[in-house]
Amino acid sequence: MVVPRFWRERRSRYSLIGTKCPVCGTVYFPPRSVCPKCGRKSVGKMEEVQLSGKGKVYSYTIVHQNVIGYKYQKPYVMAIIETPEGPKLTGQIVDVEPEKVHIGMPVHAVFRRIAEDGKAGIIQYGYKFVPDEE
Amino acid sequence: MVGIVTYGSYIPLYRIKTAEIARIWGDDPEHPEKGLGIKSKSVPAYDEDAATIAVEALRNALRRKNIPGEKIGAIFVGSESHPYAVKPTASLIAEVVGAYKAHAADLEFACKAGTAAMQNVYAMVKAGMVDYGVAIGTDTSQGQPGDALDYSASAGGTAYIIGKDEVIAEINHTVSFVTDTPDFWRREGQRYPSHGGRFTGEPAYFKHIITAAKMLMEKASTEPKDYNYVIFHQPNGKFPLRVGKRLGFTKEQIQQGLLTPYIGNTYSGATPTGLSAVLDVAKPGDRILAVSFGSGAGSDAFDITVTDEIEKLDRDAAPKVWDQINRAKYIDYAQYLKFRRMIVEVD
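Sequences listed follow chains A and B, in order.
Position 25 of the first sequence, counting from 1, maps to 189 under my numbering, and the rest follow consecutively.
Position 159 of the second sequence, counting from 1, maps to 242 under my numbering, and the rest follow consecutively.
Errors might be hidden in some of the hints.
Said to hold, decoys possible - Result set (DSSO-like, lysine-lysine): computed pairs, CA atoms no more than 27 Å apart in a straight line:
no., chain 1, residue 1, chain 2, residue 2
1, A, K238, B, K412
2, A, K218, B, K412
3, B, K290, B, K321
4, B, K403, B, K334
5, A, K283, B, K154
6, B, K412, B, K122
7, B, K117, B, K328
8, B, K209, B, K421
9, A, K264, B, K403
10, B, K321, B, K100
11, B, K122, B, K154
12, B, K412, A, K235
13, B, K366, B, K302
14, A, K205, A, K235
15, B, K334, B, K290
16, B, K403, A, K218
17, B, K308, B, K328
18, B, K302, A, K218
19, B, K403, B, K366
20, B, K366, A, K264
21, B, K328, B, K297
22, B, K100, A, K238
23, B, K290, A, K235
24, B, K290, B, K247
25, B, K395, B, K421
26, A, K264, B, K412
27, B, K421, A, K283
28, B, K328, A, K264
29, A, K218, B, K395
30, B, K321, B, K154
31, B, K290, B, K117
32, B, K421, A, K235
33, B, K412, A, K220
34, B, K334, B, K117
35, A, K220, B, K403
36, A, K238, B, K421
Because the hints were derived from the structure by calculation, they are not lab data.
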C-alpha cells in the first residue's frame with residue numbers, strides 16, 4: 165500500500181467530502197475537479213460539498229469468498245448506497261445480519277477501519293454504513 | 084463561565100455475557116455477576132478501535148450542537164489503547180472535524196486519561212487560549228483471556244466540547260490527586276496488562292477516589308447531599324457503590340451513571356460516559372460530582388452544575404447512553420476472540 169495515495173484521499177474517505185458543479189448542480193463523489201457534463205465551464209469552479217452520510221441501499225451483495233484482509237468479517241455485505249445528494253457510494257454495511265439487508269434499506273455512514281497494511285503498516289480509516297435505527 | 088457545551092458517547096453494538104466467559108474458563112457462571120457486579124460487557128467489532136469510537140462519540144456531540152472545526156482550538160484524546168504506539172489519534176480527530184489549527188495531543192493514564200483530557204481543555208478555555216476544545220476518553224481495553232480483566236475490559240468512549248459560551252454544564256471546580264502506586268500496568272511491547280490483584284482496591288482505587296472527592300468537596304464547600312448525581316470510576320459494578328457509601332452517597336445518586344454492570348469497564352471512557360448518561364437526563368440546577376481513577380495512580384474530580392442552556396441543547400439529536408446500552412447484540416466467546424483479534428492463526 166502506498167501511503168501518499170491513501171493520504172490524498174483522506175478528506176473524502178473520512179468526512180465524505182465531494183464536489184458540486186456550480187453550473188449544473190451535480191454532486192460528485194469521489195470529488196471531481198471538472199464536471200463531465202459542463203466541461204470547460206466548470207473548470208476551477210467546482211465547490212466542495214460534504215455529503216450528509218444518509219442513504220438507501222440501491223443494490224448489494226453478500227461476500228463469502230473474501231478478499232485479503234477480510235477473512236475475519238465474512239460473510240460481509242458490500243453495497244451501493246444511493247445518497248440524497250445524488251452520488252452512489254460503494255461501501256460495506258456492518259453491524260447487521262447479512263440476510264436482513266434489503267434494497268431500499270435506510271442506512272447511514274459510520275467511521276470504521278477499512279484496511280491495514282499488515283501488522284506494522286498504516287491503518288486506513290473511512291466510511292462504512294450501518295442500518296438506521298428502526 | 085467555563086464548562087461543557089455539548090457531549091456525545093458511543094458504545095459498540097456487540098456484547099458478551101460474563102457467564103459465557105465464565106463457562107469457557109471453568110468459573111462459576113454466576114461469579115462475575117455476583118462477585119464483580121458485571122452481567123455483560125461491550126465488545127468492539129473487528130473494524131472498530133479507540134479512534135473509530137472517538138470519532139463516533141465526537142460526531143454524536145456535534146449532532147447535538149455543531150461547532151465548526153475552525154473554532155476548535157484544542158483536541159486531547161485520552162486512551163490506553165490508541166491504535167498506534169507512535170502516531171497520534173488526536174491528529175485523526177482534527178482531520179475528521181477540520182480543526183487544522185488545534186493544539187492536538189494524545190494522553191494516557193490508564194482509566195483516567197479521558198478526565199485528564201477534560202481538565203486540559205478546561206484549563207486552556209479558562210486561560211483564554213482557545214474558544215472551544217475537544218476532550219475525548221476512548222478505549223478498546225485489553226484483558227488477557229482467562230484473567231479477571233477478561234470479565235471487565237470493554238470498549239466505549241465519550242467526547243466533550245468545552246467552551247465558555249452556551250455552556251450546558253458549568254465546571255465549578257476540578258482537582259486531582261496522584262501518587263506512584265503501581266496497581267496496574269502494561270510494559271512496552273506487552274500485549275496485555277498486569278495488575279496487583281486485590282492491591283488495586285484499597286491503596287489504589289479507594290484511596291485516590293476518596294482523597295480527590297474530599298479535596299473537591301472541601302474546595303467547593305459542598306457535602307454529598309448537595310449532589311443530585313455522582314459518577315465514580317467503575318472498574319466493576321461494586322467498587323463505585325462501595326466508595327459512594329464510604330463517602331456518604333446513596334445508591335440513587337450513583338445509579339444513573341453506573342454503566343459497568345451492562346457494558347463493563349470502558350477505561351478512559353468510563354467516567355466520561357457515566358457523566359454523559361447523567362447529562363442525558365439532567366435538569367437545570369442539578370449538581371454533579373464526577374471522580375475518575377486511573378491506575379498508576381490518580382483521580383480527577385469535577386464539581387459540575389447543570390445550567391438552563393441544557394434545555395436548548397438538542398439532546399435527542401444523538402443516541403443517549405442508556406439507549407445505546409439497551410441496543411445490544413450478544414456474541415459468544417469464540418466470536419469475541421475473533422473480534423478482539425485474539426485467535427492465533429497457524430498458516
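Structure-based check of each hint:
1. K238(A) to K412(B): holds (17 Å)
2. K218(A) to K412(B): Holds, at roughly 23 Å.
3. K290(B) to K321(B): holds (16 Å)
4. K403(B) to K334(B): holds (21 Å)
5. K283(A) to K154(B): violated (36 Å)
6. K412(B) to K122(B): holds (14 Å)
7. K117(B) to K328(B): holds (18 Å)
8. K209(B) to K421(B): Measuring from Cα to Cα gives roughly 45 Å; hence the hint is violated.
9. K264(A) to K403(B): Distance ~25 Å between K264(A) and K403(B) Cα, so the pair holds.
10. K321(B) to K100(B): holds (17 Å)
11. K122(B) to K154(B): Roughly 42 Å between the alpha carbons, so the hint for K122(B) and K154(B) is violated.
12. K412(B) to K235(A): The given pair, whose Cα atoms are some 21 Å apart, holds under the 27 Å limit.
13. K366(B) to K302(B): Status holds; Cα separation ~24 Å.
14. K205(A) to K235(A): violated (46 Å)
15. K334(B) to K290(B): holds (20 Å)
16. K403(B) to K218(A): holds (20 Å)
17. K308(B) to K328(B): Holds, at roughly 12 Å.
18. K302(B) to K218(A): violated (48 Å)
19. K403(B) to K366(B): holds (15 Å)
20. K366(B) to K264(A): violated (39 Å)
21. K328(B) to K297(B): holds (13 Å)
22. K100(B) to K238(A): holds (23 Å)
23. K290(B) to K235(A): violated (46 Å)
24. K290(B) to K247(B): violated (33 Å)
25. K395(B) to K421(B): violated (43 Å)
26. K264(A) to K412(B): holds (14 Å)
27. K421(B) to K283(A): holds (16 Å)
28. K328(B) to K264(A): It is violated: about 47 Å lies between the C-alpha atoms, which goes past 27 Å.
29. K218(A) to K395(B): holds (25 Å)
30. K321(B) to K154(B): violated (41 Å)
31. K290(B) to K117(B): Judged against 27 Å, a Cα distance of about 24 Å means the pair holds.
32. K421(B) to K235(A): Given pair K421(B), K235(A) holds - Cα atoms ~10 Å apart, limit 27 Å.
33. K412(B) to K220(A): It holds: about 23 Å lies between the C-alpha atoms, which stays within 27 Å.
34. K334(B) to K117(B): holds (17 Å)
35. K220(A) to K403(B): holds (24 Å)
36. K238(A) to K421(B): holds (11 Å)
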